[in-house]
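4 protein chains.
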Amino acid sequence: MLKALIVGASGYAGAQLAYYLSKHPQVEIAALTVSGNSLDAGKLISDYDLYPQLKGVVDLPLIATSDYSSIIENVDIVFLATEHVVSHDLAPYFLDKGCIVFDLSGAFRVNLADFYTQYYGFTHQYKHWLDKAVYGLAEWNDNAIKNAQLIAVPGCYPTAAQLPLKPMITEGLLDPAYWPVINAISGVSGAGRKASLKNHFCEVSIHAYSLFAHRHQPEIAYHLDQQVIFTPHLGNFKRGIHATITCRVKQGVIADDILNALNKYYKNKPLVRIYQKDWPSLKSVEGLPYCDIGFVLKDDHLIMISVEDNLLKGAAAQAMQCMNIRFGFNETTSLI
Amino acid sequence: MLKALIVGASGYAGAQLAYYLSKHPQVEIAALTVSGNSLDAGKLISDYDLYPQLKGVVDLPLIATSDYSSIIENVDIVFLATEHVVSHDLAPYFLDKGCIVFDLSGAFRVNLADFYTQYYGFTHQYKHWLDKAVYGLAEWNDNAIKNAQLIAVPGCYPTAAQLPLKPMITEGLLDPAYWPVINAISGVSGAGRKASLKNHFCEVSIHAYSLFAHRHQPEIAYHLDQQVIFTPHLGNFKRGIHATITCRVKQGVIADDILNALNKYYKNKPLVRIYQKDWPSLKSVEGLPYCDIGFVLKDDHLIMISVEDNLLKGAAAQAMQCMNIRFGFNETTSLI
Amino acid sequence: MLKALIVGASGYAGAQLAYYLSKHPQVEIAALTVSGNSLDAGKLISDYDLYPQLKGVVDLPLIATSDYSSIIENVDIVFLATEHVVSHDLAPYFLDKGCIVFDLSGAFRVNLADFYTQYYGFTHQYKHWLDKAVYGLAEWNDNAIKNAQLIAVPGCYPTAAQLPLKPMITEGLLDPAYWPVINAISGVSGAGRKASLKNHFCEVSIHAYSLFAHRHQPEIAYHLDQQVIFTPHLGNFKRGIHATITCRVKQGVIADDILNALNKYYKNKPLVRIYQKDWPSLKSVEGLPYCDIGFVLKDDHLIMISVEDNLLKGAAAQAMQCMNIRFGFNETTSLI
Amino acid sequence: MLKALIVGASGYAGAQLAYYLSKHPQVEIAALTVSGNSLDAGKLISDYDLYPQLKGVVDLPLIATSDYSSIIENVDIVFLATEHVVSHDLAPYFLDKGCIVFDLSGAFRVNLADFYTQYYGFTHQYKHWLDKAVYGLAEWNDNAIKNAQLIAVPGCYPTAAQLPLKPMITEGLLDPAYWPVINAISGVSGAGRKASLKNHFCEVSIHAYSLFAHRHQPEIAYHLDQQVIFTPHLGNFKRGIHATITCRVKQGVIADDILNALNKYYKNKPLVRIYQKDWPSLKSVEGLPYCDIGFVLKDDHLIMISVEDNLLKGAAAQAMQCMNIRFGFNETTSLI
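Protein chains in written order, with our numbering: chain A, 1 to 336; chain B, 1 to 336; chain C, 1 to 336; chain D, 1 to 336.
Here are the simulated DSS-like pairs of lysine-lysine, each with C-alpha atoms no more than 30 Å apart in a straight line: (1) Lys194/D / Lys238/B; (2) Lys264/B / Lys23/C; (3) Lys23/A / Lys23/D; (4) Lys23/C / Lys3/B; (5) Lys43/C / Lys277/B; (6) Lys194/A / Lys277/B; (7) Lys198/A / Lys277/B; (8) Lys194/D / Lys277/C; (9) Lys238/B / Lys238/C; (10) Lys298/C / Lys166/D; (11) Lys198/A / Lys238/B; (12) Lys277/D / Lys238/A; (13) Lys198/A / Lys43/C; (14) Lys198/C / Lys238/D; (15) Lys43/C / Lys264/B; (16) Lys23/B / Lys267/C; (17) Lys198/D / Lys277/C; (18) Lys43/B / Lys194/D; (19) Lys250/B / Lys250/A; (20) Lys43/C / Lys194/A; (21) Lys238/C / Lys198/A; (22) Lys23/C / Lys277/B; (23) Lys43/A / Lys277/D; (24) Lys277/C / Lys43/B; (25) Lys3/A / Lys23/D; (26) Lys277/A / Lys43/D; (27) Lys146/C / Lys23/B; (28) Lys264/C / Lys23/B; (29) Lys23/C / Lys267/B; (30) Lys264/A / Lys43/D; (31) Lys194/C / Lys238/B; (32) Lys194/A / Lys238/C; (33) Lys198/D / Lys194/B; (34) Lys298/D / Lys250/C; (35) Lys277/C / Lys238/C; (36) Lys23/D / Lys146/A; (37) Lys269/C / Lys43/B; (38) Lys238/D / Lys198/A; (39) Lys198/D / Lys198/B; (40) Lys198/D / Lys298/C.
No lab work stands behind these hints: they were computed from the structure.
Please take these sequences and the hints and turn them into a complete structure.
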């Protein structure tokens, strides 16, 4: 059995990783840790105030530590379900120890000068690791993932935006002068478990945020190599992302071209489901590790719909999928 | 006191109209009617199975009738909160009797040959009334409303789409080659009170519908005189519309131009509220008769956000506002 | 025009009071204040981050102050929508200045030695005001309210519990050996606007809390003069209280006795609505100032159902109702 | 591999059974059937209009049939996820063919004369099967289940009520003169997938129903051998049951007695989880096959809280658990 450490295990993605690992036949949990000043330190992850869902399933304590020397001994795999700056600071330590690191934050996703200064508010100190990091969009980078030591797992919006668009762009079906308009709506869990007025039950309401200013816009554009207009919205639901993507195809492109492009890249990918007719609803994927994609073409206007569970294909399930790929396990082990 | 008849009073818009009229100092309810085969016939509108909210407020019976001859005697005003084809059939009767008719359906909104055949599935029989009907987008057509006998009150999506876009287009700020992309999400009440799997509590989920095929797309394009891409979505909430509109301005247009255009048309309009910074959330207007509008401009990309309560500014409140305008009452009487 | 000060105007009840006062023909807002260290200080109450619903309706600033000497000059009425201990500390100041004070906290509701020490964690310093305070259960204490200077407005659970039970107990219909079992479920707004994990959108779930230990249990028992078992629950909705009360009637009591008792006390009370058959749902009162009551009797078992909007009849509307009674206005002015 | 037929597979419980069977290593799906006039006939269960969640997981068609002769050939196991009267009519057919039948309806749960006439509106025709049926409350009747041919799986309310109360009553801890007061709130899925105004998204609201008149009251009382007051409520959520049970213990009973009784019967039962302190929330069990139980004792008043997912431990998971017990598989196979 390989041994995996989950750093930031009290968050939504971290707890989900713990659940997945509890069912994994080839990997077991080495330890669950939380930040040094966490009020959850010492509690079981299945405690009443945390994840009672896990009672009897994962009853391990959350260890508060900033010193991993006693824990790291037998750890093969590290999941960083931490804030961006924490991942940035911690990842090199685990990498230098030889661990395979799956980072769920944005700290190693975009290899551009000034990107972190501009969008994340810190100056990146580990250019060599940024160079080596593999972007964990699992359906596209599986070969690179197999040989990577550091996998930067993309989050919810970038996954929901790229999976439908990447086949279109790769196959040259879109008119690049018309920037795709990506309107996405996310469940409240996307903002994490920390209490704030923004996620107060009575304050949550449908609204757009970070217009023209969300850090996922440049991440999406960078990995698609295509400018986009990305408008995130908060929805009044717990989990899930629904993305509506409006774009313009090149003259002569027909619906079969779209479907063929999707099938070309996803036909044998178990966690992407293509709708030949109709298109998915959010409920199709709640609690499930899939990204579902549908589309309609009219004249040269194309609307693509993609949905995923933001905590699963948009976070923990994709990290687990990357781990399965990295170690040669079945891609969906513990996921379905 | 003027006397108003509400036809279709058991629906969400009809019941809301009844509530508004109960508070109106110059207009009173003549009768509430429902279709002949309604199971609600004879019940009080405030019955336990209907609108217990109205208990002690409006305790009138719902009269099932297809013969209005005994009712019409003293009626000055008719609200048709009915299916499109019912409004189409009934409106001329009331108009011929001299009533002022406010139709909340789509039956008289678009004066185009073939429009009703193509989008509503019936052939329009009353071209002369279609010619005379005034489109009740209250902030724009108040002068025409004052002299109209038939007011075709626009519904939720068209109101949420047109109120932000109309000043832009009227002032010539948009590049018409780039069709505005209107993504709107509506509460479930938008589909009415009739039970169906689509509004089953456990089946409702965020999803797009009628891609490139919704009848409100040509209505919006007709009244804006601008092609648009309109994508409606169903949301998991009861009331409200949130619209995110992405468009392209002409070169040189700056944010002040946008704000000036909004202020020019809405500064003195009490039911449209302009956000100078930030932009509205759905909760800003739930249960309220306003349409709230905000925007952000970046380079030549403009995103406008508009929100309204689909049953109020998107239906009953706008109908009441039109009535107030028509009879010279204060525009907001009984509404705020 | 009388002038009213709202202390704690940034909370849910305070903002609702501001809305009611904006519509009141005989009372106007003197000032809105918040606690000294509030992040909301200086913002308009209708600010985007606060109550954009009030934009154009109440656009007054929230004044942070601990010194009311400059504000109190022309103030006739004070609403304390504040934490219990804040009300306890502030009320005497305003009372000594001659203001009529409506306290929405629990600081003056129960005139029992040790009650505040035991249930609220502070020792009450103002026994003489506790003696003079009138409990603002409006339907029962209207005569006393008319002459009171300090009205302790009961909150959501006590109102929902007492309004149905008080006629039963007053008329001697219940077997007192069987303690009424009061199961009530409250919307999340009942816990206020302060962010915490307990009201995090993703953490909210149906659950019972404070079993046998809620401070409203002794308040209810004290004012009913009857021991009760009170079990509060949190629900996954924003507003409202639904109470299911199971009790035992004395031998020979029949359904007509129950209905007669309810009618005896509430027939002429506009904000209590009695169901002769059926019983109310939560939706009957959302956003409305009523308490609705229904019941079923079988043999000697009686179940009563009462519902109210926790922020209205359970807080702001009842405070406003008390104010209307105190000053001889129509009981429902600005409320319906 | 054993072969299982699911009758009524288009309902919520039936679809869940199909999902469970898709993961079961020792049992496979023989066929999925629906009633003869179903609009879903011929569709895949994973169709867009049905359960797109199952796309790629269970892509079998729903067969509309009233003649099972061609299907029954190789069927070992039959799940009846059907209306009560349909189960009543169909079960004997499958039993006579030698199948092991798990009936999720109420048709064979209570072996009392007149019970079905009074509470279900039909006269029971199969007294000999009623005599042989084993009540599938899995934690209590496992020995009988192992040898049964017909297992009458209890539904959501009876399971949530009996699991906490049965140890109390069996150990003689309660004062039987005080009928336990069972207040339970159920998600909307409890009423099934058929569209009606009662489950219209905009009509759903917290409310009590069937006061003193729900058919589960006598079922609970019969199997507990104790009169109870059972008050069901509808909640504004999709899945889950939360039960609050207020009862009276005999003099001298202490908290340890309660805990010991729970542990005595459930310590080795993997699908019942006991809270030693605190008590469960609904979210503890959403999507999970557990019944979670907690309690607080004060003096001689005992409040027990139990929660379960109404479609899982309250339906499909308990049926699957019974199947596992019946055939000697691990009790939780395919469930956790």
